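Chemist: Based on the sequences and whatever the hints tell you, model everything.
Note that the protein sequences, when read in sequence, are chains B and R.
The first sequence lines up with residues 1 to 111 when you count with this note's numbering.
The second sequence lines up with residues 1 to 116 when you count with this note's numbering.
In short, the hints are calculated from the structure, not lab data.
Hints are not guaranteed to be accurate.
As the list claims (entries may be wrong) - Covered stretches of chain B, going by a simulated chain R footprint (3 or more residues, C-beta under 8 angstroms):
hint: 1; region: 22 to 35
hint: 2; region: 93 to 106
Unchecked claim - Subject to a maximum C-alpha distance of 25 angstroms in a straight line, what follows is the list of computed SDA-like cross-link-like pairs (lysine to any residue):
hint: 3; chain 1: R; residue 1: 44; chain 2: B; residue 2: 3
hint: 4; chain 1: B; residue 1: 56; chain 2: R; residue 2: 96
hint: 5; chain 1: B; residue 1: 38; chain 2: R; residue 2: 88
hint: 6; chain 1: B; residue 1: 27; chain 2: R; residue 2: 58
hint: 7; chain 1: B; residue 1: 27; chain 2: R; residue 2: 57
hint: 8; chain 1: B; residue 1: 38; chain 2: R; residue 2: 44
hint: 9; chain 1: B; residue 1: 56; chain 2: R; residue 2: 57
hint: 10; chain 1: R; residue 1: 9; chain 2: R; residue 2: 113
hint: 11; chain 1: B; residue 1: 36; chain 2: R; residue 2: 42
hint: 12; chain 1: B; residue 1: 36; chain 2: R; residue 2: 58
hint: 13; chain 1: B; residue 1: 27; chain 2: R; residue 2: 41
hint: 14; chain 1: R; residue 1: 57; chain 2: B; residue 2: 95
hint: 15; chain 1: B; residue 1: 64; chain 2: R; residue 2: 96
hint: 16; chain 1: R; residue 1: 44; chain 2: B; residue 2: 41
hint: 17; chain 1: B; residue 1: 36; chain 2: R; residue 2: 102
hint: 18; chain 1: R; residue 1: 57; chain 2: B; residue 2: 30
hint: 19; chain 1: B; residue 1: 36; chain 2: R; residue 2: 27
hint: 20; chain 1: R; residue 1: 14; chain 2: B; residue 2: 40
hint: 21; chain 1: B; residue 1: 38; chain 2: B; residue 2: 56
hint: 22; chain 1: B; residue 1: 68; chain 2: R; residue 2: 115
hint: 23; chain 1: B; residue 1: 69; chain 2: R; residue 2: 113
hint: 24; chain 1: R; residue 1: 44; chain 2: B; residue 2: 5
hint: 25; chain 1: B; residue 1: 36; chain 2: R; residue 2: 8
hint: 26; chain 1: B; residue 1: 64; chain 2: R; residue 2: 103
hint: 27; chain 1: R; residue 1: 9; chain 2: B; residue 2: 39
hint: 28; chain 1: B; residue 1: 27; chain 2: R; residue 2: 42
hint: 29; chain 1: B; residue 1: 38; chain 2: R; residue 2: 26
hint: 30; chain 1: R; residue 1: 44; chain 2: B; residue 2: 44
hint: 31; chain 1: B; residue 1: 51; chain 2: R; residue 2: 95
hint: 32; chain 1: R; residue 1: 44; chain 2: B; residue 2: 93
hint: 33; chain 1: B; residue 1: 36; chain 2: R; residue 2: 14
hint: 34; chain 1: R; residue 1: 57; chain 2: B; residue 2: 51
hint: 35; chain 1: B; residue 1: 56; chain 2: R; residue 2: 42
What the hints assert, rightly or not - To give a feel for the contact side, a few chain R residues facing chain B, derived at Cβ under 8 angstroms:
hint: 36; residue: 43
hint: 37; residue: 48
hint: 38; residue: 110
Small disclaimer: the values here were computed from a predicted structure and weren't measured.
Yeah, the Cβ is synthetic: ideal placement off N, Cα and C, and Gly gets one too.
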Amino acid sequence: SQELEQSPQSLIVQEGKNLTINCTSSKTLYGLYWYKQKYGEGLIFLMMLQKGGEEKSHEKITAKLDEKKQQSSLHITASQPSHAGIYLCGADYSGNTPLVFGKGTRLSVIA
Amino acid sequence: NAGVTQTPKFRILKIGQSMTLQCTQDMNHNYMYWYRQDPGMGLKLIYYSVGAGITDKGEVPNGYNVSRSTTEDFPLRLELAAPSQTSVYFCASSRGTGAGRLYGYTFGSGTRLTVV
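Modeler: Laid out in structure tokens, this is it:
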């Protein structure tokens with residue numbers, strides 16, 4: 001079974017609406033990374049969460065890690081066309097092993 | 001800074017051919033990685049390296065080989081290409097463990113490979 005589950009798989013939202021993407025791990029996380037991928041391009045690092053209950057924000061994107069360190073959410077406020085792309089979460093399970101990635105959430109923002 | 005540079009960007013191979021995907025970084029990162037991305041499947045780790053001369057297998061290493069003779073370069077070799085290797089390949093680098101992990105991985109722009 002997949003260690004890291006992302007939901008939803010895809011999302012279509014109207015411009016200006018808020019949205020949330022979830023990332024759930026079957027094991028306790030050492031750290032959780034969020035990346036954004038524009039279609040046909042590489043991944044861009046957004047944020048990294050390490051402490052239970054931690055919350056970070058960058059512009060209109062907020063990421064949270066739950067107290068148990070097994071679930072993270074990415075929230076976008078007042079979505080814009082520039083937010084469209086694929087969002088991936090990456091799990092760090094030990095601090096010194098490569099990241100394990102979820103399958104990604106494809107976000108489309110329509111006018 | 002160029003960051004992580006991958007070449008080529010696109011390639012079509014015939015079954016049984018071989019090729020090397022090039023990856024170079026100019027950030028003096030010790031850690032480097034190769035992932036493949038199949039549609040709807042996220043990224044799967046092929047190989048990684050924690051420093052020059054040291055490599056280790058990831059989740060899907062079969063059909064691939066790597067070498068790390070310098071800190072900057074981490075080429076991925078495909079021997080006897082098969083249709084199952086059709087994918088987008090991403091190289092990434094990072095500063096490593098501890099505080100270095102706070103900054104995440106830096107990814108290249110990818111190589112789109114088709115095996116026919």
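Chemist: Measure nothing beyond the straight line between the CA atoms of residue 38(B) and residue 56(B); if it is 25 angstroms or shorter, mark the hint as holding.
Modeler: 22 angstroms, holds
Chemist: Holds or violated: residue 38(B) and residue 26(R), Cα atoms, limit 25 angstroms.
Modeler: 23 angstroms, holds
Chemist: Residue count check for the region 93 to 106 of chain B against chain R: does it reach three with CB-CB under 8 angstroms?
Modeler: Holds: 9 residues of the region 93 to 106 of chain B have a Cβ under 8 angstroms from chain R.
Chemist: Are the Cα atoms of residue 44(R) and residue 41(B) separated by 25 angstroms or less?
Modeler: 17 angstroms, holds
Chemist: Just to be careful, I want the Cα atoms of residue 9(R) and residue 113(R) compared with a cutoff of 25 angstroms; is the pair within it?
Modeler: 8 angstroms, holds
Chemist: For a C-alpha distance cap of 25 angstroms, please report whether residue 27(B) and residue 57(R) respect it.
Modeler: 22 angstroms, holds
Chemist: Is residue 57(R) close enough to residue 95(B), meaning Cα to Cα at most 25 angstroms?
Modeler: Judged against 25 angstroms, a Cα distance of about 18 angstroms means the pair holds.
Chemist: Measure nothing beyond the straight line between the CA atoms of residue 56(B) and residue 42(R); if it is 25 angstroms or shorter, mark the hint as holding.
Modeler: Between residue 56(B) and residue 42(R) the Cα gap is close to 24 angstroms, so the pair holds against 25 angstroms.
Chemist: Are the Cα atoms of residue 36(B) and residue 58(R) separated by 25 angstroms or less?
Modeler: The given pair, whose Cα atoms are some 23 angstroms apart, holds under the 25 angstroms limit.
Chemist: Quickly compare the C-alpha distance for residue 27(B) and residue 42(R) to 25 angstroms and report which way the hint goes.
Modeler: 18 angstroms, holds
Chemist: Given the hint that residue 57(R) pairs with residue 30(B), test it: the Cα-Cα distance must not exceed 25 angstroms.
Modeler: Measuring from Cα to Cα gives roughly 21 angstroms; hence the hint holds.
Chemist: Straight-line Cα separation of residue 27(B) and residue 58(R) no greater than 25 angstroms?
Modeler: 19 angstroms, holds
Checked against the numbered hints listed earlier, the structure breaks hints 9, 22, 23, 33 and 34; every other hint is satisfied.
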